[in-house]
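Going line by line, the protein sequences match chains A and B.
Sequential numbering from -6 applies to the first sequence in this note's numbering.
Sequential numbering from 2 applies to the second sequence in this note's numbering.
Since the hints were made in silico from the structure, they are not lab data.
Misleading hints may appear alongside valid ones.
Covered stretches of chain B (in silico footprint by chain A; criterion: 3 or more residues with CB under 8 Å from a CB of chain A, positions within the stretch not fixed) [said to hold, decoys possible]:
| hint | stretch |
| --- | --- |
| 1 | 94 to 101 |
| 2 | 187 to 199 |
| 3 | 216 to 226 |
| 4 | 329 to 343 |
| 5 | 348 to 356 |
In silico DSS-like cross-links for lysine-lysine, where the CA-CA straight-line distance does not exceed 25 Å [to be verified]:
| hint | chain 1 | residue 1 | chain 2 | residue 2 |
| --- | --- | --- | --- | --- |
| 6 | A | K171 | B | K258 |
| 7 | B | K273 | A | K224 |
| 8 | A | K224 | B | K27 |
| 9 | B | K310 | A | K231 |
| 10 | A | K232 | B | K48 |
| 11 | B | K278 | A | K42 |
| 12 | B | K48 | A | K224 |
| 13 | B | K191 | B | K158 |
| 14 | B | K27 | B | K101 |
| 15 | B | K258 | A | K42 |
| 16 | A | K237 | B | K158 |
| 17 | A | K303 | B | K191 |
The C-beta atom is built at its ideal place from N, Cα and C for all residues, glycine as well.
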Amino acid sequence: MIDTLESGPWPSFVTGLKRLAMAETHGNMMVDLLGQLEHSYNTRLGYWKGGTVSVLGYGGGIIPRFTELMGENGKPMFPESKEFHTVRVQPPAGNHYSTTMLRQLSNSWNKYGSGLIAFHGQTGNIMFIGTTSDNVQPFFDEINDYGWDLGGAGPCVRTGMSCVGAARCEQSCANEQKIHRMLVNNFLDDMHRPALPYKFKFKVSGCPNDCMNSIQRSDFAVIGTWRDDMKVDQDEVKKFVAAKGRKYVIDSVVNMCPTSALSLNDDDTLAVDNRNCVRCMHCINVMTRALSPGDDHGVTILLGGKRTLKIGDTMGTVLIPFKKLETEEDYESLVELTEEIIDFWAENALEHERVGETIDRIGLVNFLEGINVDVDPNMISEARQSSYVRMDTWDEEAEKWKERQAG
Amino acid sequence: MSAKPRFPIESGVPDPFQYMHPAYIKNYGNWAYHDRPRPGVLHHVSKTGDEVWTVRVGTQRQLGPYEINLLCDIIDRLADGYVRFTIRSNMEVTVTDEAKVQPLIDAFEDAGYPVGGTGPSVTMISHTQGWLHCDIPGTDASGVVKALMDELYEEFKTESMPNRVHMTTSCCQINCGGQGDIAINVQHTKPPKINHDLVANVCERPTVVARCPVAAIRPAMVNGKPSLEVDEKKCICCGACFPPCPPMQINDPEHSKLAIWVGGKHSNARSKPMFHKLVAAGIPNNAPRWPEVTAVVKNILHTYKNDAKDWERIGDWIERIGWPRFFELTQLPFTKFHIDNWTGARKTLNASTHIRF
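One chain only, chain A, in its complex shape:
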């Protein structure tokens, strides 16, 4: 049945699996793997179960898979692939590779595993798919020696992701690879020895286009932004208007500004109300030559994004509207903030509770008090509607606000 997935123009993973099944190195394991996959296609059911496999010194990072497909004699129907574990390995920040390194990783996996590698899993790991329990340790030892480390699996800090960023994008407002490496590498103990309430993911995008999907898919999202005026090259604006026409510019740029912060002047230059610009990136995306982010770069930090289990979807909530990342002290204070958050969450969360769910359960204000972050109107899209609230410390709270404004 899976043969039919070899036809059609898109590259076929089934052809790749068959090629491995014909190779001397992996033949039997991949023949049996194809057998189980074909059986899944015929019966429309999956047949893997988890277990416990790890490498010496670590508790996580391997996704163990044992077949559940047993014949009438109680033995596996496809014995050569009865163990088919995945090894999760952290990619370089920004997913940059040299062909030399790709070949070296591929050769190591060819030696110890099925040969099959997924670039990348949804959490960002390089997924080395399919090996036996015995081969996990020697494979890891080999690639660990030349610079690769396991990612996270289970209740732990997970592998991070960052966009191409400053390496090849003019919209980058941050040093994505530095932030990514600093945050994740500070928590390697929490990654390799899973002991947190549940998973915790860092993702870093260099601008609000958020190519890493960090608001929806990470517990701690770091997004590059700026706070001075965006830059406008009026000569390039005029050229763009001349090329595309006034109607296109008005329809596709001016009218699509979410805060009506743009208008096209009579002389075909662009007027920008920077005070009302929310830096959504739309106009910059359309007019890449004429418009660009400002110079006063920093990051916005959002906390608590996650997918469905268990309370439903939550997006990250703004925690720090703007944080300058310039000096080493700035970067250190970012790391300290994440330590506060993970400590507070680890102490207060229920089992299997993501940080967004903790915020949902105890309320953002309690959470902020727990991690010593002051309230900020940028944390909300609207103020409280419900009048059922006890406010007998109002005067104190108002005083705090005044002090912060004065300070």
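We have chain A; now place chain B onto it with these hints.
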């Protein structure tokens, strides 16, 4: 005793500079602008005047040694030996000489790897492991993706959509594939079938009870053995009880269906980020080609292409025209299941006279 145990080197995230294209290192943080000379090719210009061209190539995500060597041979022969992967498993190969672009494209396409996925195209579908490796898959994500990308091949290679279309597939409702302009997810439709003989041995019962989002699971004695029971009226068939308790089988060859959700986007551009919303369900899990899924997806894409304005994502377009018009234009049935009933659902209801007649 054999040799001394080897302890891991906890090196963490590898430094990308050791694998980065030299032009990226030289111009790090110093790019001026970019454009797209043709679909599948990005052209970035640095403030120093340096230029790079990047060819984006679709892959099948799972690569073997044959595919890795084939692709690396092309990159070594016709480019500079560097490659990066996008979040959607496309490869990006950069060159500093425009003359190298076309030979590179030709070589990838001759080898069966399409060039595209940039700008307003349907780019590669991000997906989960499915029957190949997941322990709770309702379908095979890789197969659904292959079947769909065959059908959407031209949409990958051209830039003819109003804006970019990001698709995702997930093989269960936990939705590891994430948000998409179009998301294709398995929806279980029946409560788990419990093998009571195994529960006591395999499952930590309090953990399973705690995992249920609607408190439908409670401890029970069945045939004199400790087990669990499910209040089937409350059960939302999410499958969250299955990972901690495999004897609560949620997958079903007939009743695990596919559902389609639209309008998710992660960018902050124009509107704030949005989650995808349900538009179609009850679609049969018809391996190996899932033709019914393809039909619904193509219908939505076709309608979006005809009706949306330039730069509108699917979610932006529906916000502008309204959901009634979306169902009218796509002729998809609107059912009681489209009305949310989870916590906070009332904010999704229309509390206004804003109605289009």
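Consistency of the hints with the structure:
Evaluation of the coverage hint for the stretch 94 to 101 of chain B: breached, as 1 residues show C-beta separations to chain A shorter than 8 Å, against a requirement of three. A stretch counts as covered by a chain when three or more of its residues have a beta carbon under 8 Å from one of that chain; for the stretch 187 to 199 of chain B and chain A the count is 0, and the coverage is violated. Under the rule that three or more residues need a Cβ within less than 8 Å of chain A, the assignment of the stretch 216 to 226 of chain B is violated, with 0 such residues. Check result for the stretch 329 to 343 of chain B against chain A: violated, 1 residues qualifying (beta carbon to beta carbon below 8 Å, three or more required).
Proximity of the stretch 348 to 356 of chain B to chain A, defined as three or more residues with a beta carbon under 8 Å from a beta carbon of that chain, is not established by the 0 residues found. At most 25 Å may separate the alpha-carbon atoms for a hinted pair to count; K171(A) and K258(B) exceed this at roughly 43 Å. Between K273(B) and K224(A) the alpha-carbon distance is near 22 Å, which keeps this suggested pair within the 25 Å criterion. The hinted pair formed by K224(A) and K27(B) meets the criterion: a straight-line CA distance of about 23 Å does not exceed 25 Å.
For the proposed pair K310(B) and K231(A), the alpha carbon gap of about 23 Å is at most 25 Å, so the pair holds. Distance restraint check for K232(A) and K48(B): the Cα-Cα separation of roughly 19 Å lies within the 25 Å cut-off, and the hinted pair is therefore satisfied. At most 25 Å may separate the alpha-carbon atoms for a hinted pair to count; K278(B) and K42(A) exceed this at roughly 31 Å. For the proposed pair K48(B) and K224(A), the alpha carbon gap of about 14 Å is at most 25 Å, so the pair holds.
Between K191(B) and K158(B) the CA atoms are separated by roughly 40 Å; this puts the pair beyond 25 Å, and the hint is violated. For the hint pairing K27(B) with K101(B), the CA-to-CA distance comes to about 20 Å; that is within 25 Å, so the pair holds. Taking the CA atoms of K258(B) and K42(A), the gap is about 22 Å. The hint holds against a cut of 25 Å. At roughly 24 Å between alpha-carbon atoms, K237(A) and K158(B) fall within 25 Å of each other, so this suggested pair holds.
Under the criterion of a C-alpha separation no larger than 25 Å, the hint pairing K303(A) with K191(B) is consistent with the structure, at around 18 Å.
The structure shown violates the earlier hints numbered 1, 2, 3, 4, 5, 6, 11, 13.
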